[in-house]
Amino acid sequence: MTQPLLFEISRPGRCAVRLPDLDVPPTDLPAGLVRSDLPLPEVSESDLVRHYTRLSQMNYAVDIGLYPLGSCTMKHNPRINEEMARLPGFAYLHPYQDEETTQGALFVGYSLQQFLSEIGGFAAVSLQPAAGAQGELAGVLMMRAYHIDRGDPQRDVMLVPDSAHGTNPATTSMSGLRVIEIPSDGRGNVDLASLETACVEHSSRLVGMMLTNPNTLGLFEQNVEEITALVHEHGGLMYGDGANMNALLGIARPGDLGFDVLHYNLHKTFSTPHGGGGPGCGPVGAAASLADFLPGPVVAMDVEQSEEDAPHFTLVVPPKPIGRVKAFYGHFGIWVRAYTYVRMLGAEGMRRVAEHAVLNANYLMSAVKGVYPIPYDRTCMHEFVCEGRFEDAPDVRALDVSKRLIDYGFHPPPNYFPLIVREALMIEPTETESKETLDRFADALLAIAEEARVSPELLYDAPHNAPVRRLDEVAAARNMILRWQPE
Amino acid sequence: MDLIPDARYTESHEWVRWDGDDLVCGITDHAQESLSDVVYVELPDVGDELETGDIWGVVESVKAASDLHMPMGGQITGVNEALEDEPEIVNKDPYGAGWMMRFRPSDPSQYDMLLEGDVYEEFAAQEEG
Amino acid sequence: MARVESSRRLGLRVPLSFAVLRAGVPGILAPPPRSCHGFSHMPYIPHSDPDREEMLSRIGAPSIESLFECVPASVRFPELDLPPGLSEIDVRREMESLAGANYSAADGPCFLGAGAYYHFVPAVVDAVLRRGEFYTAYTPYQPEISQGTLQTVFEYQTMICALTGMEVSNASHYDGATATAEAVITAINVHRLKRRKVVVSPWVHPEYRAVVRTYTQGMGLHVVGDVHSGPMAPASTLEALGEQVDGDTACVIVQYPDFLGRIEDLSDVAEAAHEAGALLVVVADPIGLGLLKPPGEYGADIVVGEGQGLGAGLTFGGPYLGFFATRDKYVRRMAGRLVGQTVDAEGKRGFVLTLSTREQHIRREKASSNICTNQGLIALAAAVYMAAMGRRGLRELSELCYHRAHYAADQIDQLEGYTVLREKSFFKEFAVRCRRPVKAINACLIDEWGILGGYDLGRDYPHLQGHMLVCVTEMNPREDIDLLVEALGDACGA
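Going line by line, the protein sequences match chains A, B and C. Per my numbering, numbering of the first sequence is gapless, rising by one per residue and ending at 487. Per my numbering, numbering of the second sequence is gapless, rising by one per residue and ending at 129. Per my numbering, numbering of the third sequence is gapless, rising by one per residue and ending at 494.
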């Protein structure tokens, strides 16, 4: 199944839009500044709708079935969120309007800041960052700014566990800091002895540590209190990567665990859609000591103008901001969705989300245990990591298991991450999946393990019934074709 | 793993051999095999002066990228431009047509401190673990 | 002409008290009833009580609480001070009342621009965006079941190249500002960190310049051109900008049309940059590119910009779309995701994410950027939009903006108390010198006429106090423009 490119279905003279006639006297076009041609496709509206409908049918999505991508939290995206973000009073609002005309939107922003502060245990939140990685950048720059502000500018070392997401080290070097990697111990926790050695060695240069909790193995970092104490003792700050917050909603607040700054992923934990790769939203929360450095503007309540039943909101820049990380205020359309989600669930719902996410992950882990090796066998949080390799089928790799899962109608989990597990399969079912779905998924994994033993070629050649077969990524990288060109 | 007799090796899997006053440098057969299909080699600028251990380039497959390090300090005197269009030569002939760059070492005597073939072979086997 | 009756005036108040919202009161905000087993009904959690029991017994855990014993007891299960959950009916009512407390471009004529534009979004765009197969998918890491997303990105890349006159486009950045910052980082990497200076025009969007400084604060760069730096004054013209370029300059950044809406030939500044071995980065308005010569033709090395006008709507500043296009030779220095064409095992055409070794999940601390999630769905909107408009439509639309903006400028220029700055050509925005403070004029426009007036340039440029940036698009028919002119006369005459 393939669909021709837009450029191949284009026919001269077609256009999907009719514009108003010119209703003012024309002005001469600016001499020498006008383009001669605009090589965009020419299609009718019906062409377009069919094109995109057919393409959509070549996608897998949460709306189709289980999407167990570890650390990505592919939960159901409630439809009410979409409706609310499209309300004209939100969708047609210009960011530079006078605040008197945007109080409803500022109310949403202010409330969401409060909700996230409460959920994370922080003094303040900025909603500006556009995605998790940008929230990280904001957080790390805040840590750097904090040390500079205290007259400690030589601090340039960031500790990062070897199980961390790639964004952690990438963000650190973007911020002009150095990465020191900390190994994991036999139970999947940060190795405390190595951490202590690193803290002592780099004590005067320590910016802090970036930690994901639960970590990318799906395990709650059991020594988290010792870790934060140790880093603080050496003058460092604790950065929390909130990618895995779905396990902590109403269970524990990162601020209470000793984190100084953390980014949330509204597109993971707070049910806003992933959109095929964004837009996300990565608000950053800060303890009181770091709140002055938040990127701005943020929404504040204007006490002077507020009355008992009529709060008044205004945009303010924190006192010592790292600067703005994007134009305007942030992904407001995503704020509306996340706000709607928190209003639907309330405090009790937050906790039920985490409980069922963890219940589902543990249930699935017990269903495949014994067939798929579990490198760190203990109660997991919202996700777990198993190994896609079998002693009696030595040539089968995790990638083959993944591709075969497609034939069973499931999206595969990520392979080969975290890097410290061989042939890793990182599985996060989320709370929105039913027991029946989990049972079917577990059955598929067990059936594939059996196939690996008796007919491994079924795995090597998989997928067999997807829109396309395995694609040649080497050819794509060697002969780069990155846009369509007429022959 | 294939080795060539007249070369020395590094723990970061480069090889070097003399060609006149210059050293020619590439990656070992073992390295190309573990990377699998090489899709890109980033080469240095001729004239760059680099210290021992400095990064002079990157070799990439679809799933991995490895930095390339200077076995000894020196000045880059040539690069293998053929790799720009046909990086797969590195897989086919890592010690010959797949050479990557040449440099004039600032202290030629350091050559003797690099690994000999059998030592490198043992090192690589151990690393494989 | 009759005045538009503005139903919403200054001084409106949010109808719900935040204190009330947090505490919850009987009636609309009452807590929902609990089920007999102590769990409230949760619409997004499918588990029944028997499910939970069966699952726990399979796991071998006595209770759900017991799964959390690894969490330190002192901080476990905090009582969150959040308002109680609501029914969808109640949430909808609350949200409609909050949305209704705003006065938006849907309520009256809008002449605000300055980087966010009220452009037309054809219905077909949202119809595609609402397909769950697109918006509930993740980044296309499994190409066999993501061909829909991958092909749309490939088509998006192709159309961005066509619009900008460049050779390669990535899959998107967060917005125009961050795309500009990433362009700076690309330029620094092209020069292998050997050049440390960035020359930026003061007429690049002020917030973009701020973001460039935020992103590069740890990199030890000198960002000059838009501020006093040593003996150098801000470069108010392109010529003066070119004079600040030297052998340490990694790139020169200009905006096209610039922040004041002006359009100029960029050939000379391109030449000045290239003579010094620096890259020319052009921040472009994609709607303008429907009419204007593409930056690629002037010799731009990187073209970035805000793609919001391409079908994203206003939505109070985001999510928008950063586009990024460059020359083939810089493709490996570019950040962000990239889709390439290849074949499958049967030789059929297919698409994959490619060159991912530049990215953080492989290169970690050596990645070209930390970006992973980008603006996938907004890039899809832009692709549908560009295809819907097509070769003819986008040109027509761009010309409509141009002619209407010039009509508006002509009319306003004739008003007592207003002078249009028009020594250079402009596209859809122009600066107007006003006799009264812009804030006062805008207050009159919204209060008395229901019109969202222009941007106050004094916010960013002290020497432009009392100057308003007026934006006119295809969404402002002649009667809106005439109304604005009448209202402006009223605002200054009164």
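To be clear, the hints were calculated from the coordinates, so they are not data collected in a lab. Ideal Cβ positions, reconstructed from N, Cα and C, are used throughout, including at glycine. The reader is advised that the hints may include incorrect statements.
[Stated by the list, open to error] Among the chain A residues that face chain B by a calculated CB cut under 7 angstroms, a handful are:
hint	residue
1	R469
2	D472
3	V474
4	A475
[Stated by the list, open to error] List time: in silico BS3-like cross-link candidates among lysine-lysine, alpha-carbon distance up to 27 angstroms:
hint	chain 1	residue 1	chain 2	residue 2
5	C	K348	B	K63
6	B	K63	C	K293
7	B	K92	C	K329
8	B	K63	C	K439
Here's how the hints hold up against the structure:
1. Because the closest C-beta pair between A:R469 and chain B is about 17 angstroms apart, greater than 7 angstroms, the hint is violated.
2. The closest approach between the C-beta of A:D472 and any C-beta of chain B is roughly 10 angstroms, which is over the 7 angstroms cut-off, so the hint fails.
3. For A:V474, the suggested interface contact is upheld, since its CB lies about 4 angstroms from the closest CB of chain B, less than 7 angstroms.
4. Using the Cβ-Cβ criterion of 7 angstroms, the hint placing A:A475 at the interface with chain B is not satisfied: the shortest such distance is roughly 9 angstroms.
5. Distance check on the hinted pair: C:K348 and B:K63 sit about 23 angstroms apart at the alpha-carbon level, within 27 angstroms; holds.
6. As the CA atoms of B:K63 and C:K293 are separated by approximately 39 angstroms, the hinted pair breaks the 27 angstroms bound.
7. Between B:K92 and C:K329 the CA atoms are separated by roughly 26 angstroms; this keeps the pair inside 27 angstroms, and the hint holds.
8. A threshold of 27 angstroms between alpha carbons decides the hint, and for B:K63 with C:K439 the separation of about 56 angstroms lies outside it, so the pair is violated.
In terms of the numbered hints stated before, the structure departs from hints 1, 2, 4, 6 and 8, listed from lowest to highest.
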